[in-house]
Every structure is written in C-alpha cells, then in structure tokens.
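Colleague: Next come the chains, spelled out residue by residue.
Protein chains: 2
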Amino acid sequence: MKKLDLLTLGDELLLGLRPNAHLDYLGGEFARHGLPLRRNIVVGDAPADIEAAFRDAWQSADVIVTTGGLGPTSDDNTREAIAQVLGLPLEFDPAVEAAIVERFARSGRRINDLDRKQCYRPRGAQPLRNRAGTAPGIYLEKDGKILVMLPGPANELWPMFESEVLPRLQTAGVLSSGEAYLQLRTAGVPELHVEQRIRPIVDKYPGLGLAFCAHQGVVDVRIAPAARDFGPTQLQAIGDEMSAALGEDFVCFGHATLAQVVLDELRARAATLAVAESCTGGLLASALTDIPGASKIFLGGVVSYTDDAKLQMLDVPESLLDQHGPVSAETAVAMVTGAAERFGADYALSVTGLAGPEGGTKELPVGTVFLGYSSPVGAWSRKMFFSGDRLTVKARTVNAALDWMRRKLLKYKVAELHATGVGREAKP
Amino acid sequence: MKKLDLLTLGDELLLGLRPNAHLDYLGGEFARHGLPLRRNIVVGDAPADIEAAFRDAWQSADVIVTTGGLGPTSDDNTREAIAQVLGLPLEFDPAVEAAIVERFARSGRRINDLDRKQCYRPRGAQPLRNRAGTAPGIYLEKDGKILVMLPGPANELWPMFESEVLPRLQTAGVLSSGEAYLQLRTAGVPELHVEQRIRPIVDKYPGLGLAFCAHQGVVDVRIAPAARDFGPTQLQAIGDEMSAALGEDFVCFGHATLAQVVLDELRARAATLAVAESCTGGLLASALTDIPGASKIFLGGVVSYTDDAKLQMLDVPESLLDQHGPVSAETAVAMVTGAAERFGADYALSVTGLAGPEGGTKELPVGTVFLGYSSPVGAWSRKMFFSGDRLTVKARTVNAALDWMRRKLLKYKVAELHATGVGREAKP
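Protein chains in written order, with the working numbering: chain A, 1 to 428; chain B, 1 to 428.
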C-alpha cells in the first residue's frame with residue numbers, strides 16, 4: 001500500500017485558533033477511497049518549517065498532500081518552499097493570470113504583483129482548477145511520487161479535491177473508484193456492547209479491519225479490507241450480518257444523523273413533527289433544521305426556559321407544575337402534548353431536565369433529563385441521566401431523544417402508518 | 001525559544017472519524033503561556049509509526065507532548081514504543097496498581113493483566129495523576145529535554161494538563177505563569193477591515209506579533225510579544241489602543257461568545273430576552289442556552305417553521321404574511337413583537353430567511369435574511385445576505401443577529417437602563 005502524508009500548513013492551527021478540519025475531511029475521503037493517511041503533519045507558515053516538513057515527507061512517503069499557503073499574501077510561502085526542496089524552478093502561467101484578471105473584473109478590482117504569485121508553479125506540474133477562488137491547486141508526478149497542493153480555504157479545497165484531485169488519483173491507480181469501507185452507525189449503547197455483539201462476526205472473517213468511534217451516544221463501526229481483500233459485495237454482506245446482530249441499536253449504514261433518520265421515517269409516513277425543549281434550549285430543533293428539506297416535516301418548536309413559558313406557550317397546567325415540578329415525567333408528557341396540539345403536529349418530542357452547572361439537587365442531580373414523545377397512538381415519557389458538562393448534556397440529550405423516537409417509530413411502524421393514513425404496511 | 005512538538009496518536013484521527021481536538025486545546029494553552037507549538041504530528045496506533053514519529057521529535061525538539069495510547073487495550077502502544085526509543089526499561093509502580101484496584105472496587109470490577117499495563121512507566125519518569133480515569137500520565141526530564149505523555153480521553157487530559165502539567169512546565173521555566181498574548185474579538189467586519197484599522201498601531205510597536213482568525217462573521221486578533229518583549233501591562237495598553245480604533249466593532253478581550261456578551265449586557269439591565277426563529281431553526285436559542293446561567297435572562301423562544309406557526313405561536317397577522325410574505329422586514333418585526341409579548345420579555349430577537357439549498361427566488365435568493373429586534377424603546381428590522389451552505393447561513397445569521405443586538409444595546413445603553421428601571425447611568 002502507498003504511503004500517504006498530509007501536510008496542513010498554518011500558524012492559526014498550531015495556536016489553537018482554528019480546528020484542523022482539513023484532516024477530518026481529507027482523512028475521511030482518503031480512507032473512503034482505500035488509502036488511509038499514514039501521517040498528518042501540522043506546521044506554521046515559516047518557509048524553513050515548511051521546507052523541513054516537506055523534505056521529510058517527500059523522502060519517506062509516496063503521495064504527499066499539502067493544504068494552505070497558496071494565496072497572495074506575505075504569509076503564503078508553500079509554493080516557493082516546496083519548489084526549493086524539489087529543486088524545480090517556478091514558471092509563470094499566463095492562463096492563470098488571465099483567469100484572475102477576469103475574476104477580478106467582475107468586482108472592478110485590478111490584479112497586482114502580489115496576486116501574480118498565484119500564477120507560478122513548479123516546472124512540470126499541472127494546475128488544479130479553483131472554482132471558488134483565485135489560487136489554483138498544483139499536481140505533480142515526479143520520481144514515482146505524487147504531490148498535490150491544495151488551497152487553505154475549505155470552500156475552495158472541497159470542490160477542488162472532488163472534481164480535480166480524486167479523478168487524477170483514481171486514474172493513477174492510487175485510489176479506488178468505489179467506497180473502500182462500510183460504516184455502521186449505532187446509537188444508545190456503549191462501544192463495549194457494540195463490540196461484544198459484532199465480535200463473533202469479525203472473528204469469522206480474518207483480515208477484516210475494524211475501527212470504532214463514539215460521539216455523544218452514537219457509536220460508528222467502520223469495516224474495511226485490511227490484511228485480506230474483501231470486495232464491496234462481501235463487505236456489504238458482512239455489514240448486513242452485523243446490522244442483524246445489532247438489532248434496533250443499528251441506525252443506518254453511512255453517515256446520516258439521527259435527525260435525518262427520524263425525518264426520513266416521518267417523510268415515509270407523510271407525517272409532521274414539533275418539539276418542546278427546556279434544557280436542550282433549541283439544540284433539538286436546530287439538529288432537525290440542519291437537514292435540507294426539514295421544512296416539509298418539521299413545523300416548529302418552543303423553547304420554554306421558564307415555568308411561565310411552559311404554561312403560556314405549551315399549556316402545561318400550573319397545578320401539574322406545582323405538584324410535580326418542571327423536571328418530571330408529568331411535565332415532559334404535558335409539554336409534548338402541548339407542542340403537538342399547538343403546532344397541529346402528528347408527532348412531537350419534548351425535553352426537560354438540568355444541563356447544569358447549577359440547579360441540581362439530591363433527588364434531581366445535574367444531568368437528569370425527562371423525555372416526552374407523542375404519536376398518533378399515544379404519549380410516553382422516559383427518564384435518563386447524562387454525566388458531563390452543560391454542552392455535553394445538551395448534545396447527549398438531543399441524540400437520546402432522537403434515538404428514542406427512532407426506536408418508537410420502528411416499533412409502531414405498521415400501526416402508525418395506518419393511523420396516519422399512509423397505508424397498511426411499512427415501506428420496505 | 002524552546003522547540004515544542006505535539007504528537008497526537010490514534011487511527012481514528014487519520015480516518016477522519018474524530019476531530020483532532022487535542023491540537024486545538026493544547027495549541028491554545030501553550031500559546032497562551034508563551035510557547036507556541038512548532039509542529040503537530042498525527043500518527044496511528046501501530047508501534048512502528050509511533051516509534052518513527054517519536055524518534056524524529058525527540059531528536060529535533062526540546063519539549064515533546066504525546067496524547068493517546070496509554071490505556072489498557074491492545075491498540076494502546078505509546079508507553080512501550082516510546083520506552084523502546086529512549087532505551088529505558090518500564091518499571092512497575094504498585095501505588096498506581098493500588099489506585100486502580102480502589103477505583104474499580106467502587107463498581108465491583110476486578111483488575112486484570114491488561115489493566116496492569118497502566119502501572120508501568122519508563123525508569124526515572126514521574127506519574128501524572130489522573131482524576132477522571134485509570135491511566136496516569138507520564139512526565140520525564142532527560143538529556144535536557146522534557147517528555148509529557150497524556151491520556152487520549154479529553155475529560156482525562158484537560159484536568160491533568162491544568163493541574164499536573166502546567167505547574168511542572170512553569171517550574172521548569174518552559175511556560176510563563178501569566179497569559180502571554182492578548183486576544184481582541186471583533187464582529188461584523190471582514191478581516192481586511194480589522195487589519196487596516198489596527199495596522200497603524202501595530203506599526204508603532206516593532207516586534208509585536210499579530211495573528212488573525214475569522215469564523216462565521218467574528219474576527220479574532222491576537223497580539224503577543226514576538227521579536228521583542230512586551231509585558232502584560234504594555235500588551236493591555238496596546239490592546240486598549242486597538243479597541244478604541246475598532247470602536248463598536250470591538251466585542252471584547254478574550255474568548256466570550258456574542259451570546260455571552262449580549263446576556264451580560266442584559267444582566268446589567270436586569271432585563272429578559274425571548275427569540276423567534278425561522279431559518280436559524282433553534283440555533284439562536286441554542287447559542288444563548290449554551291451559556292451557564294442563561295436561564296436568569298433568557299425566557300424562551302419559538303421556532304416557527306411554517307406560516308401557521310408564525311400565526312398561532314407569535315400572532316403574526318395572516319394579512320401581513322399574505323401581503324409581505326414570510327421572508328420580509330414586516331414579518332421579522334411582527335415575529336419579534338409577538339415573541340416579546342408572548343414571553344413577556346423586555347427584549348427580543350427574530351430571524352426569518354432562506355437557509356437553502358432550495359426555496360430561493362430572484363428577488364429573495366438563498367441566503368437572504370431579515371432580522372428583527374425589539375427593546376423597551378422600539379422595534380427594528382434589518383436585511384442581510386450570507387453566502388454559503390445551509391449550516392453556514394444558519395451560523396452566520398445567529399452571529400449577525402447577536403452582534404446587531406450587541407450594537408443596539410451599546411447605542412441605547414443610557415436610555416434603556418432608565419427605561420428598564422435599573423438606573424440612569426451605564427455601569428462602568
């Protein structure tokens with residue numbers, strides 16, 4: 001297997017000013033196409049640091065990808081530093097200059113000498129077209145190695161990687177054309193339990209690669225060919241075996257969020273959804289509205305951060321609040337019923353709890369959460385507890401609420417499809 | 001200046017399964033204490049990869065920090081790989097074993113041989129106490145260099161760094177005891193404009209280090225001693241000069257979010273806040289409720305994702321929706337007035353717009369947003385436009401709404417403090 005190094009360049013990464021999102025994106029893309037990263041090296045903008053890091057990578061790797069430092073400003077040094085290490089002259093490309101002149105003309109701007117830095121590339125390299133900015137990327141094959149230089153801004157890098165880099169690396173035989181791994185997403189169970197359930201299947205297929213990643217109540221399992229080759233069909237068959245073993249803890253193949261999965265289930269029922277939130281404070285509604293097209297299913301929500309808001313906006317009876325308190329199963333059910341009625345929604349979810357850091361008691365410590373769920377066939381509540389800080393409790397509660405709804409939707413699929421008038425049978 | 005390398009270990013980072021949050025946290029912490037990272041190297045869990053990366057770092061850096069691979073499982077190889085490179089034997093520490101036995105006893109678990117891996121450390125090293133898990137960190141001074149090995153889980157790493165590592169590195173003279181830089185947060189203006197406004201001040205102080213980071217409408221400026229030494233008092237004086245030059249575009253010194261700044265302003269007025277959201281879909285309420293103690297000021301919000309919800313939950317007149325449409329200045333004002341009245345809030349913010357990807361027209365392209373703001377002295381609307389995908393439009397709209405409110409609160413500080421009955425003068 002080829003050795004692949006990623007060099008992400010920029011002082012702001014080392015200063016903790018900006019997350020290294022290029023590692024996430026490119027690491028995921030390369031793994032998906034069969035060539036996981038061997039290393040990621042982050043260095044600053046100083047030419048000496050870039051040269052040292054690139055010299056080392058060029059000696060020991062087969063494919064080297066760099067990000068950042070291709071622009072016109074004084075801290076953009078990648079082009080010059082790398083040409084120096086490769087011992088290649090930088091050559092001016094009038095076609096790139098013409099493209100910049102044309103791009104600038106639209107906003108009445110004129111090209112200057114700093115901008116012209118972007119028109120140079122090492123002898124023998126190809127330009128990679130930049131649809132969202134001025135600096136082209138650079139692609140070079142030399143001494144049996146491949147160098148790909150990408151611009152720093154994510155909105156320029158993503159489309160360039162997809163339309164210019166992927167096809168070249170597939171043609172060069174470095175990347176596979178299909179997906180090289182299969183991801184199973186699970187929810188509501190710890191990583192250890194997921195592993196125990198799929199371990200007997202993994203043991204049946206020696207040479208199968210396995211990786212886990214847990215985040216806020218969701219556990220992703222990634223299976224891929226490792227010590228032995230598995231074709232896509234066989235990988236999918238193994239994935240199907242695993243999903244059967246995981247039962248209702250299995251959410252989906254791939255990367256769909258729990259919000260996406262729930263909205264898809266509701267779309268199949270031609271049903272609508274509303275939410276009522278206390279401790280998640282809008283994060284549940286925001287997770288749902290992150291999904292394009294959510295407006296066809298999601299009608300809206302109420303963030304009721306006070307007793308008065310629960311009473312005025314969700315018709316939670318004052319006597320119920322007095323008797324059971326705002327953080328209770330009874331209030332969760334009253335909130336969810338109120339949200340469904342107020343918005344005229346077929347389904348609703350509610351959350352009330354204590355995200356902290358203050359406000360906990362012995363009976364109701366910080367992290368205590370009550371969920372409410374209402375469907376055409378009834379209303380339920382559920383008590384849960386999450387440890388962690390305020391933002392963790394918010395995020396885990398949102399995932400728990402959506403996962404609970406997902407399970408309920410699966411369980412009552414036939415009855416509810418009937419009740420909402422879509423049909424008598426669940427869709428395949 | 002000492003050379004500092006960070007080695008973050010873990011297959012999941014290279015596969016794009018998990019963001020490299022340790023780089024953000026540790027990069028920020030080290031910069032804050034006067035020693036910015038020189039490099040970050042990310043490699044997987046294979047012992048050969050760890051050995052190669054560590055050998056290189058140990059040769060060329062003065063301080064090396066590693067994260068991950070100290071736990072009990074089979075892919076935890078950091079301790080062994082590094083001891084190998086250093087040529088040091090691993091020694092068993094019965095005190096660590098006793099601590100694990102005691103910790104496990106609470107949950108009725110018994111220690112096994114895999115767990116005992118965590119009781120070993122290279123000869124001459126000190127253990128770093130782990131308050132949140134079983135694997136202690138490792139601290140070693142050798143050949144004039146310093147090695148710090150930290151566990152992978154963030155909830156174990158953060159407190160260990162703060163209470164065990166920082167004091168040791170300060171005693172060793174590697175880190176400063178105070179803050180080594182000053183951050184100015186601005187909002188609502190592009191990086192280029194911020195730079196133009198502070199450039200004359202920067203030019204007055206040769207040797208001053210300057211870094212920018214732009215994120216979703218917020219631009220952070222970080223100033224620090226670089227080629228010349230500046231004490232904390234002088235750094236603050238320069239920062240004060242810059243904040244004066246930035247005028248109302250200056251948000252705060254440090255890291256407070258716009259939500260935090262707005263809530264602090266309202267707290268000073270003993271005033272309350274409600275929100276009404278369409279295209280941001282709960283993200284505005286969630287940004288506000290991310291702040292501990294928000295419940296004392298923020299009463300709640302409505303996510304009105306349909307015309308009917310705007311009518312039923314916010315009293316937006318049907319005739320107004322018919323005449324002007326849901327994405328209009330008139331609707332934004334009706335929503336904000338409705339939210340203030342329904343929740344009985346002194347102040348309110350509203351958002352209506354098109355986050356995309358579908359639903360845009362020639363008159364109202366995707367990215368068009370109307371904001372509404374109401375205070376005890378009036379109600380306003382404002383039209384804005386943001387390019388980018390759905391999540392970008394949501395995030396930029398939330399920042400723009402909060403920043404607009406921040407500016408309004410500054411402008412009407414005296415009048416509103418009077419109107420809300422807190423006092424006649426702004427607090428200092």
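FYI, nobody ran anything at the bench for these hints, they're computed from the structure. Errors might be hidden in some of the hints.
For identical chains, the list gives no copy identity; a pair is met inside one copy or between any two copies.
In silico SDA-like links for lysine to any residue, alpha-carbon gap of 20 Å or less [claimed, not checked]:
(1) Lys142 <-> Asp290
(2) Lys362 <-> Glu241
(3) Lys3 <-> Arg55
(4) Lys296 <-> Gly359
(5) Lys362 <-> Ala256
Colleague: Now, for every hint given, state plainly whether the structure supports it.
Modeller: For each hint, the structure was consulted:
no.: 1; hint: Lys142 <-> Asp290; in the structure: neither (43 Å within a copy, 51 Å between copies)
no.: 2; hint: Lys362 <-> Glu241; in the structure: neither (44 Å within a copy, 50 Å between copies)
no.: 3; hint: Lys3 <-> Arg55; in the structure: both (15 Å within a copy, 19 Å between copies)
no.: 4; hint: Lys296 <-> Gly359; in the structure: between (37 Å within a copy, 12 Å between copies)
no.: 5; hint: Lys362 <-> Ala256; in the structure: neither (38 Å within a copy, 32 Å between copies)
Violated hints, listed in ascending order, are 1, 2 and 5; each of the other numbered hints is respected by the structure.
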